[in-house]
Amino acid sequence: MRRRKVGGNKLKTQSLKALRRRNTSKAALRRRSLATGKKTNVARLIREREEALEQQTATSEILQIISSSPTDLGPVFDTILASATRLCEGNLAALWRYDGEVLVGAAHHNATPEFAEKYMTMVLQPGRAGPVRLAALERRIVHVADITAEPGFSPMVLQYERARTVLAVPLLRNENLVGVMCMWRREVRPFTDQQIALVQNFAAQAVIAIENARLLSELRQRTDDLTKSLDDLRTAQDRLVQTEKLASLGQLTAGIAHEIKNPLNFVNNFSAVSVELIDELREALGGAHLDSKLRTEISEIADTLQSNLDKVVQHGKRADAIVKNMLLHSRQGSGEHRLVDINALVDESLNLAYHGARAERQGFNITLERSLDPTAGEADVFPQEITRVLLNLISNGFYAATKRKAEANGGDYEPTLAAATKNLGDSVEIRIRDNGTGIPPEVKAKMFNPFFTTKPVGEGTGLGLSISHDIIVKQHGGSIEVNTQPGEFTEFRIVLPRGAATIAKSEERP
Amino acid sequence: MNLLVLVVDDEPDVEVLFRQQFRRDLRADRFTMEFAQSAPMALQRIADAGDRSLILILSDINMPGMSGLELLPKVKAARPDVPIIMITAYGDAETKRQALENGAEALLTKPIDFKTLRSEIDMRVERAA
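Sequence lines, in order, name chains L and W. For what it's worth, my numbering labels the leading residue of the first sequence as 13, then goes sequentially. For what it's worth, my numbering labels the leading residue of the second sequence as 3, then goes sequentially.
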């Protein structure tokens, strides 16, 4: 590897020889040198001041651009390259950023379109095949007076730009390479020490800009991360509060249910036996000697009593159903858990709910869609309880779709309910989606609360979703979420851990 | 022969209800029913029953003081020949297991299904006759 190093020493020697040739006498030399010394001194001082001012102006311009575009490095690099080219009398300049493996072109100044297109789009590996790569490899300044004297050295720069003298400066942050800045001249004229120092100065500013941008984006990333984790925490807290609230409400509900159940049993039992007693009363009356008016009167009273008792029985059964539902809140851990095929469970629930709804309502119809993941597999759950949740969600879906159909008054609306499963690895997902009336936000906020219902009196206990929530979250350690668009759809998403029943049981232990 | 069914429940209205439900049997003297409103009272009734033929004991579980599950082994010790059916509002698996392990014949949940209960009693009345 041959490289010609060109510094200021050779030039200084040449000019001294010339001076010696011109000045023979010592005195003359002294006189002249004093006179010209004063003149050149003043001129040099003025030039130096001018240069310093120019450099300062350039530096302050760059700093201004760095501060006005802290993340977009494009304008910063453009200004650095333009100033450096102008102040160091270069013809063109370019800057690469190092990503830890390769150099990627970031900016160029005064380059021909061919050069920009062919050379700057190339990814350069640090190496010995050119001054830019060498500067990156050895992390030092590479100054070449004439690249034509270096066979195989930067042929493209030569081809497109006819560049001859080149100066490549590594961009270093501490000991780390962050890029390379390079300047060319289209003639053989090496850069002076001062110019080299100036390019280094610009390179240092580029490093500051890169570092600034990196710190800023790191800071933004961290702020984003913090904001996100704060949001996550808030969501988790909301969920926890909701779960706790529902849990305590559930316990309260179960307590009340137990207290109500006993007297309610008496109401139901006594009314049932009273119905029998009225029959016996009628039989007894049949054999008695009574005038017809009195017999009719007694018979009418017996009829009224009978129909009243029927009402007591009917409403007693209704209250009993509510109490039974309430008690389910406290019945966790009862029943048996086992490994169950989730797809089969969903499929059974769909069939059950569908035939149940058809038996209950004449003319009921809905399109059922199943997209069951064949790899959904098994989970250890309390199958009766999960079926209960699914039946609940599916029949709610039927209700919403039927309601929308009634509201649409025919039209081309087709009520549809879709059930889907998905294998999530350690857990399994079940989605129940209907294209019904959707859930308005004020209802969504309260829908998991016990006794909250939007159905007409007697049609819903307001316990379905509350119990479903308890079964999924408390009993199985899973999650239940709702996604809805009023007037469009409602989708419930349940996620059950594979070892749901076991997990929930081990968590119950103190 | 005087057949006796003992019903143990802290609710006094249980007696009224049972007497109405089984009014025909009681009228026909197929058997008699006695009622105890606590476990100790039940043990006393059993001791007092003497030579009357005690064919069945029905006991509530949730009672103040001694519970039905605590009463169970004491009755079994005194009268190992008498079947006991437990009645509870809590039909959970654990209660059922405890009741059966302690020698109960069966466990019925409230509200009582009187058809089932009647057939249990009928079976024992016929066996004793």
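Everything labelled a hint here was simulated from the structure, so no lab data went into it. In this text, a Cβ means the ideal position worked out from N, Cα and C, and glycines have one as well. One or more of the hints may lead you astray.
[Claimed, not checked] Taking lysine-lysine and the DSSO-like style, the derived pairs with C-alpha atoms no more than 27 Å apart in a straight line are:
(1) L:336 - W:98
(2) L:329 - W:98
(3) W:98 - L:273
[What the hints assert, rightly or not] Quick list of simulated restraints, FRET-style, between CB atoms:
(4) L:322 - W:82: 14 to 22 Å
(5) L:302 - W:25: 37 to 45 Å
(6) W:120 - L:312: 54 to 62 Å
(7) W:125 - L:498: 53 to 61 Å
Now the hints, each set against the structure:
Pair hint residue 336 (chain L) plus residue 98 (chain W) holds up; C-alpha atoms about 18 Å apart against a cutoff of 27 Å. Taking the CA atoms of residue 329 (chain L) and residue 98 (chain W), the gap is near 25 Å; set against the 27 Å cutoff, the hint holds. Between residue 98 (chain W) and residue 273 (chain L) the CA atoms are separated by roughly 19 Å; this keeps the pair inside 27 Å, and the hint holds. Between residue 322 (chain L) and residue 82 (chain W) the Cβ separation comes to about 46 Å, which falls outside the hinted range of 14 to 22 Å.
Checked against the hint of 37 to 45 Å, the pair residue 302 (chain L) and residue 25 (chain W) fails, with Cβ atoms roughly 24 Å apart. At roughly 32 Å, the beta-carbon separation of residue 120 (chain W) and residue 312 (chain L) lies outside the given 54 to 62 Å, and the hint is violated. Range check, residue 125 (chain W) to residue 498 (chain L): Cβ separation about 60 Å, and the 53 to 61 Å hint holds.
Hint compliance for this structure: hints 4, 5, 6 are broken, all remaining hints hold.
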